[in-house]
Amino acid sequence: MLARTAENLFWLARYVERADFTARIIDVTSRLAALPQSYRGAGGEWESALAAVGALNAFNASFSETTESNVVHFLAFDETNPSSIHNCLEQARTNARTIRTALTAEMWQAINSGWLELKSFEERRRTGEYSGIESILPFLEFVKSVSLDFDGAAYRTMLRNDAYWFNRVGLYVERADNTARLMDVKYNVLLPKSETVGGSLDYFQWTSILRAVSAQTAYHWVYRESVKPWLIADLLILRKEMPRSLIYCYDNLARFLDHLGKAYGMQATSQRHTRMVLRRLENATMEEIFQEGLHEFVTKFIDDNNRLGGIIAEQYLLI
Amino acid sequence: MSKTRFFDEMNGYGDEPRALYARVAEWLLRTPPEVLATRRAQAELMFRRVGITFAVYGGNDDTERLIPFDIIPRIVGHREWSKLEEGLIQRVTALNVFLSDIYGAREILKAGILPPDIIYKNPYFRPEMSGRRVPHDVWVHIAGIDLVRTGEGEFFVLEDNARTPSGVSYMLENREVMMRLMPDLFSSYRIAPVDNYADALLAALRSVTPATARGEPTVALLTPGQYNSAYYEHSFLADRLGIELVEGNDLFVKDEIVYMKTTEGPKRVDVLYRRVDDEWLDPLAFRPDSALGVPGLMNAYQAGNITITNAVGTGVSDDKAIYSYMPEIVRFYTGEEAKLSNVQTWRCREPDAYKYVREHLDELVVKEVNGSGGYGMLVGPHASRADIDEFARKLDYDPANYIAQPTLALSTCPAFIDDAVVPRHVDLRPFILTGSEGSRVVPGGLTRVAMREGSLVVNSSQGGGTKDTWVIEDTNLDSKGA
Numbered sequence: 001m002l003a004r005t006a007e008n009l010f011w012l013a014r015y016v017e018r019a020d021f022t023a024r025i026i027d028v029t030s031r032l033a034a035l036p037q038s039y040r041g042a043g044g045e046w047e048s049a050l051a052a053v054g055a056l057n058a059f060n061a062s063f064s065e066t067t068e069s070n071v072v073h074f075l076a077f078d079e080t081n082p083s084s085i086h087n088c089l090e091q092a093r094t095n096a097r098t099i100r101t102a103l104t105a106e107m108w109q110a111i112n113s114g115w116l117e118l119k120s121f122e123e124r125r126r127t128g129e130y131s132g133i134e135s136i137l138p139f140l141e142f143v144k145s146v147s148l149d150f151d152g153a154a155y156r157t158m159l160r161n162d163a164y165w166f167n168r169v170g171l172y173v174e175r176a177d178n179t180a181r182l183m184d185v186k187y188n189v190l191l192p193k194s195e196t197v198g199g200s201l202d203y204f205q206w207t208s209i210l211r212a213v214s215a216q217t218a219y220h221w222v223y224r225e226s227v228k229p230w231l232i233a234d235l236l237i238l239r240k241e242m243p244r245s246l247i248y249c250y251d252n253l254a255r256f257l258d259h260l261g262k263a264y265g266m267q268a269t270s271q272r273h274t275r276m277v278l279r280r281l282e283n284a285t286m287e288e289i290f291q292e293g294l295h296e297f298v299t300k301f302i303d304d305n306n307r308l309g310g311i312i313a314e315q316y317l318l319i
Numbered sequence: 001m002s003k004t005r006f007f008d009e010m011n012g013y014g015d016e017p018r019a020l021y022a023r024v025a026e027w028l029l030r031t032p033p034e035v036l037a038t039r040r041a042q043a044e045l046m047f048r049r050v051g052i053t054f055a056v057y058g059g060n061d062d063t064e065r066l067i068p069f070d071i072i073p074r075i076v077g078h079r080e081w082s083k084l085e086e087g088l089i090q091r092v093t094a095l096n097v098f099l100s101d102i103y104g105a106r107e108i109l110k111a112g113i114l115p116p117d118i119i120y121k122n123p124y125f126r127p128e129m130s131g132r133r134v135p136h137d138v139w140v141h142i143a144g145i146d147l148v149r150t151g152e153g154e155f156f157v158l159e160d161n162a163r164t165p166s167g168v169s170y171m172l173e174n175r176e177v178m179m180r181l182m183p184d185l186f187s188s189y190r191i192a193p194v195d196n197y198a199d200a201l202l203a204a205l206r207s208v209t210p211a212t213a214r215g216e217p218t219v220a221l222l223t224p225g226q227y228n229s230a231y232y233e234h235s236f237l238a239d240r241l242g243i244e245l246v247e248g249n250d251l252f253v254k255d256e257i258v259y260m261k262t263t264e265g266p267k268r269v270d271v272l273y274r275r276v277d278d279e280w281l282d283p284l285a286f287r288p289d290s291a292l293g294v295p296g297l298m299n300a301y302q303a304g305n306i307t308i309t310n311a312v313g314t315g316v317s318d319d320k321a322i323y324s325y326m327p328e329i330v331r332f333y334t335g336e337e338a339k340l341s342n343v344q345t346w347r348c349r350e351p352d353a354y355k356y357v358r359e360h361l362d363e364l365v366v367k368e369v370n371g372s373g374g375y376g377m378l379v380g381p382h383a384s385r386a387d388i389d390e391f392a393r394k395l396d397y398d399p400a401n402y403i404a405q406p407t408l409a410l411s412t413c414p415a416f417i418d419d420a421v422v423p424r425h426v427d428l429r430p431f432i433l434t435g436s437e438g439s440r441v442v443p444g445g446l447t448r449v450a451m452r453e454g455s456l457v458v459n460s461s462q463g464g465g466t467k468d469t470w471v472i473e474d475t476n477l478d479s480k481g482a
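Order-wise, the sequence lines are chains A and B. Here this note's numbering is used: position 231 in the first sequence is 231, and no number is missing along the way. Here this note's numbering is used: position 184 in the second sequence is 184, and no number is missing along the way.
Dumping the calculated SDA-like pairs for lysine to any residue here, alpha-carbon to alpha-carbon at most 20 angstroms:
| id | chain 1 | residue 1 | chain 2 | residue 2 |
| --- | --- | --- | --- | --- |
| 1 | B | K355 | B | V365 |
| 2 | B | K261 | A | A268 |
| 3 | B | K267 | A | N161 |
| 4 | B | K261 | A | Y264 |
| 5 | B | K261 | A | T101 |
| 6 | B | K261 | A | Q315 |
Honestly, the hints are just simulated from the structure, not real lab data.
Pulled out of the complex, with its shape left as it was, chain B reads as follows:
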């Protein structure tokens, strides 16, 4: 099998569609481009109307902020999904125990699996949480794990998002639009539904109510406010969950209990689904200039009177150096081998790795351990000599701040761009929910597409789009090698 070509979700390495995609391929053959273009226009219209706020939050120009939507679905087979699901649950389970451990007994450091400074020097490590337990020992209630595929049955984890992962509103909205636009294609498969996500999320949030709460738990969603880029998702989720969408000013703390200000007077909040980063949560504990937070929230949290989801301090596991230890972390806490592979990663803090990276900068992707969104990153094969030299100086200055990975052959998926169906690179972010009863994955996720030819960058800030992701329940469509 030649590795010079990318694996295509529809056609594999050949020109024959995979069994999973046969119906999509046939639909693409018999549907003229004009019809596809009409469908795309209808989809856009529906996004503006249904998710109107995609459009209007950009300010004066109402078209700019529509994230491109591609109408050709991304399909994941039954068996592929079952394996991913097991791997994701295993990974999130390990992450939760890992966080309990590093803020607790620190067995993993005592066992010498991780170098201690990787934890203590991490900017997302919260000393305030040391020695603290969180309700039901759940730290990461909502995780978004970014996966890429490079071949049949070959999925890799690219990144763990255990702070406040976003994008789930697109998963739900994309599905709404597809069901309405292509009912025939849709019903030609047995597609696992995703619209129970809101119920599953609410159940998970209610399950982690603190022990001191009385009666029906009150859950609220904390947003930084309408000028935040993800505000639409916040209001969308609050709406779907039927919970209050609160800002910092709507909450106050009295006697270590958090209340929201309502027309009927103060009402106790038991679980706070926050979409505000740690450092803004409480001006008394973290950044004193935060106007988004609630003074005293951390006291209430430490007194065990409120559950904050995700817990404070989970950002430490998003670190790319820690990511590189995930196989060891999974083995240490679960006694099993990791079911989901990591991308091969060189830790520049280690002399041998550093030497290798230094000699192969033009082949590798080098990232800052705490970088995100493509910031502070070198993509060797696409960089100029000057860029590489400049990056080398930064790397030499502080090797421990960097990791390197091979340039991945991300799979492609057919996309309808302009007036033609063409392959474009994709990734996949499933969402894993964890409550007191364990973890579950809603079958589906957010497929992000690099809309530009050849581009491997799927971030929406860099022109990436999204697709609906279909997890197929028909077992007879599974590929042999999957």
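Chain A extracted, bound-state conformation:
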């Protein structure tokens, strides 16, 4: 396969996943921000939303006030924010168009109709229909449905060859990054404390994390008990059955990179690096992670994951 095609497939998946994550973050943040102050803990929801998607510095460069409408605009529509939903979908479509022949008709349609819908939504917004967070919620639902459509189309219609594997690798590198960032922002409320269970001020912070990764129900299925912060960390880091956990992402990365290695007859740095990260996750326990420091653990993970992106590019994409 052309290196450029693989690169486009990889980034296409990342952009779609990132748009989805950003939409989820806006969604849960607006819920949290709508609660009375006494339930919200320390406040600063919108700052932490920006931090979770890694956009705090960029935001501060162009806005002086962290208001809801500023942040929502910046994260969803701002063309100067390279990771805004607008830019993610725009980039995704540009990538898709360049490699039209490597995609199935269904994948292209998912991306293209998502893009057309984005245009019409933005048009409605320009004509003044936007009035606060309420009018944004249908948009966020729409963004999530684009990623469901696209991902479902890829899963259901692609040949299981290198094109599919690069798509999956992009998806899981991005998802691992997103989950890790979410925890990194919220790590302080995930630390074990001796507060009364259920009565904590942080309760809504915890559930908003679960909500951001669509795992409220999943949590109860897995633990069968009330929401406890260290279990949330466990769910998002070490549980293989949780499709957004770090270990699940690396399990899949190892698998798909293995397929690539076998198909091309060569295992190299990206396969070794992935297995190293996976082994560390498999051997870890939450006790050790908390001992070592959740923040340190997550930061190191984010670095390793970034490094994997670089290694994949070197090995396959930048010939």
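We have chain A; now place chain B onto it with these hints.
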């Protein structure tokens, strides 16, 4: 037979349908306009879906770039087609020998058939190719020859396209849509299939692999990229052929061998089907500002390590002054008379012709020898006095840059416009493929329609549309005079 009326593909000069069209005429009679309108809407929907990219490459407005499609087929009879086919193959064969000659021994200049400056001053003549042979001596692998008809059995060549002719994706897509929309009408004829075009093209491309290639030949299609207006066709063809669609940046040259960058490392390319014009191919050989090309490509080409299709330098034969010599060119190289006629052409470089053209500007179509797409052209009968005077000054300044032709009585074909079936002028572009084993024509082509009443301009940039073109295999439907 009166020449004041145009020949109609369906009705000839009279009101009785030609035998070929009897079933279409009968279908049009019994099908109410609402049904035709529904079919047209369905066709449009299918184009958006199947050839989605027609729609989306225009930017924000997704309807603008759908090229109008007319649902009434254009039909060519068995015997008409056989004669066209022979003529097209003869013409393309002559073009290939002609190009070998002008970049080789130049016998045709020595014989005094062509004035030398017509070659040497031609902007598409590539001195870099002088003294070069191309693999298997094939220069024009894919030719699109534009034909017009003026009467029963009277076809003329209007233009030769030997550079990078486009439009074949419409030929294939139009057929897909027609087969699905009108299966009954379709199956009431024996229509020669066109969907083997991709296989035939791939076979032709593989057959011209350079001698230094090893193993299975690797073919790739070079596109200028997604912002090119024909990008849809490029990706469509790459898909159908099962070859990589590459951009300049995907290729590099090392030790005079062309490689594409793949996830498994560099992979040698043996045949490059390029849809990029000569001057953009290699910034080291041609335009240094080209970002579309591949540095060193010409070295690899000259070293015989890659076949470029169509060959570099074929544009010289698209020249309209050279076109006017095609009867002589065909005779010189094949020893036969040309089976396909040219439109009568006055070369303004010749004093007598120039004098005649100058006196009849209001009747003639005058074109620049290297113009295309209707640019720099005077259509005498439709021009104002002022336009004619202004054009006359340009003509006087450089007569050799112009040729003139009579205004042609292009045939019409019924088209469904708004809510009525009305005659509209058409032309026909068949595609001729040439490999090491000779030439072949896939039976069919692109019929372009001038959608506006009375208009003779079929270019899509000027509101022209397309039709499916049916080459009929039933011999009993042939017209007597054909």
